[in-house]
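Assemble the whole structure, with the sequences as input and the hints as a guide.
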Amino acid sequence: MSLLGAFDVSGSALSAQSIRLNATSSNLANAETVSSNRDTTYRARHPVFSAVMDTFNPDKATTGVRVDGIVESQSELRMRYEPEHPLSNEEGYIFLPNVNAIEEMANMISASRSYQYNVEAMNTTKQMLMATLQLGK
Amino acid sequence: MRFNLDKAMGIHETALYVRARRSAVLTSNLANSDTPDYKARDIDFKQVLKNAEGMKSGGGMQMTNSKHMQVGGYNAATAELLYRQPFQASLDGNTVDAQIEKAKFAENSMQYQSSLNFLTGKFKALTLAIKGQ
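Protein chains in written order, with this note's numbering: chain L, 1 to 137; chain U, 1 to 133.
If you are wondering where the hints come from, they were derived from the structure by calculation, not from laboratory data. We put the CB at the ideal spot given by N, CA and C, even for glycine. Mixed in with the good hints, there may be bad ones.
To be verified - Pairs of lysine-lysine, BS3-like flavour, derived with a Cα cap of 27 Å:
{"no.": "1", "chain 1": "U", "residue 1": "Lys131", "chain 2": "L", "residue 2": "Lys126"}
{"no.": "2", "chain 1": "L", "residue 1": "Lys126", "chain 2": "L", "residue 2": "Lys60"}
{"no.": "3", "chain 1": "L", "residue 1": "Lys137", "chain 2": "U", "residue 2": "Lys39"}
{"no.": "4", "chain 1": "U", "residue 1": "Lys7", "chain 2": "U", "residue 2": "Lys131"}
{"no.": "5", "chain 1": "U", "residue 1": "Lys67", "chain 2": "L", "residue 2": "Lys60"}
{"no.": "6", "chain 1": "U", "residue 1": "Lys39", "chain 2": "U", "residue 2": "Lys104"}
{"no.": "7", "chain 1": "U", "residue 1": "Lys102", "chain 2": "L", "residue 2": "Lys126"}
{"no.": "8", "chain 1": "L", "residue 1": "Lys60", "chain 2": "U", "residue 2": "Lys122"}
{"no.": "9", "chain 1": "U", "residue 1": "Lys131", "chain 2": "L", "residue 2": "Lys60"}
{"no.": "10", "chain 1": "U", "residue 1": "Lys7", "chain 2": "U", "residue 2": "Lys124"}
{"no.": "11", "chain 1": "U", "residue 1": "Lys122", "chain 2": "L", "residue 2": "Lys126"}
{"no.": "12", "chain 1": "U", "residue 1": "Lys7", "chain 2": "U", "residue 2": "Lys122"}
{"no.": "13", "chain 1": "U", "residue 1": "Lys46", "chain 2": "L", "residue 2": "Lys60"}
{"no.": "14", "chain 1": "U", "residue 1": "Lys46", "chain 2": "L", "residue 2": "Lys126"}
{"no.": "15", "chain 1": "L", "residue 1": "Lys137", "chain 2": "U", "residue 2": "Lys102"}
{"no.": "16", "chain 1": "U", "residue 1": "Lys50", "chain 2": "U", "residue 2": "Lys104"}
{"no.": "17", "chain 1": "U", "residue 1": "Lys50", "chain 2": "L", "residue 2": "Lys60"}
Said to hold, decoys possible - Quick partial rundown of chain L residues pointing at chain U, CB under 10 Å, derived from the structure:
{"no.": "18", "residue": "Gly5"}
{"no.": "19", "residue": "Val9"}
{"no.": "20", "residue": "Val48"}
{"no.": "21", "residue": "Ala131"}
{"no.": "22", "residue": "Lys137"}
Following this line, the structure appears as structure tokens:
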């Protein structure tokens, strides 16, 4: 039954989008988390999505989403000269995460919009199924 | 005349099935609107229904002898999914345009409801015929 499969698909999308939203909030929360060396500095994290074909289903109509993993951004960390800072290194530099706040905000809006219309799709599917159950009454 | 429930329901049963399947396909498109390299898919409803109707009205194999075996007709469940032509290419290879998909999804669910209404009408007519009042 295709309509029941649609629930799983929307559910997988909701889960993926909420992981994306989580990553965005943790990036924004840690945007100013300073450190005294490159290795221990927080790096922006982003989820990687991929499509999962439902090959067991004979009608092959549904394709869900899966989060393949979270990758850390490899772009350059920000360095700031602040010798008075307790975490500054020998040269007087502190390291700041490579979080791009504008990018993160755009990501957040995109994720929340996607979440919204997947919820909408789920609701519509539910209404369609409820109407089907009333068939012939 | 022998009564056949399949015939009484007409094409609406197949139509409802294809609508349900299309709904799942469009839901998948919406779900994958942020997946890199995902290609949006859809069902050509008109074509599928035409094929199904052609089979029903004898466009397929016909039995001219009582010893002939019944050949499986056109299966709307396995009708092929097509790829949507994107209006604008995107850098990550994704061809889902959320606005278009949402519009199609809303359209399809309305059409699903109308197919349901047609079926309900058929059922009502049958009940009326059975009860005779």
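Exercise. Can you give the numbers of the hints that this structure goes against, from lowest to highest?
Worked result: Violated hints (numbers, rising): 1, 3, 5, 8, 9 and 15; every other hint is consistent with the structure.
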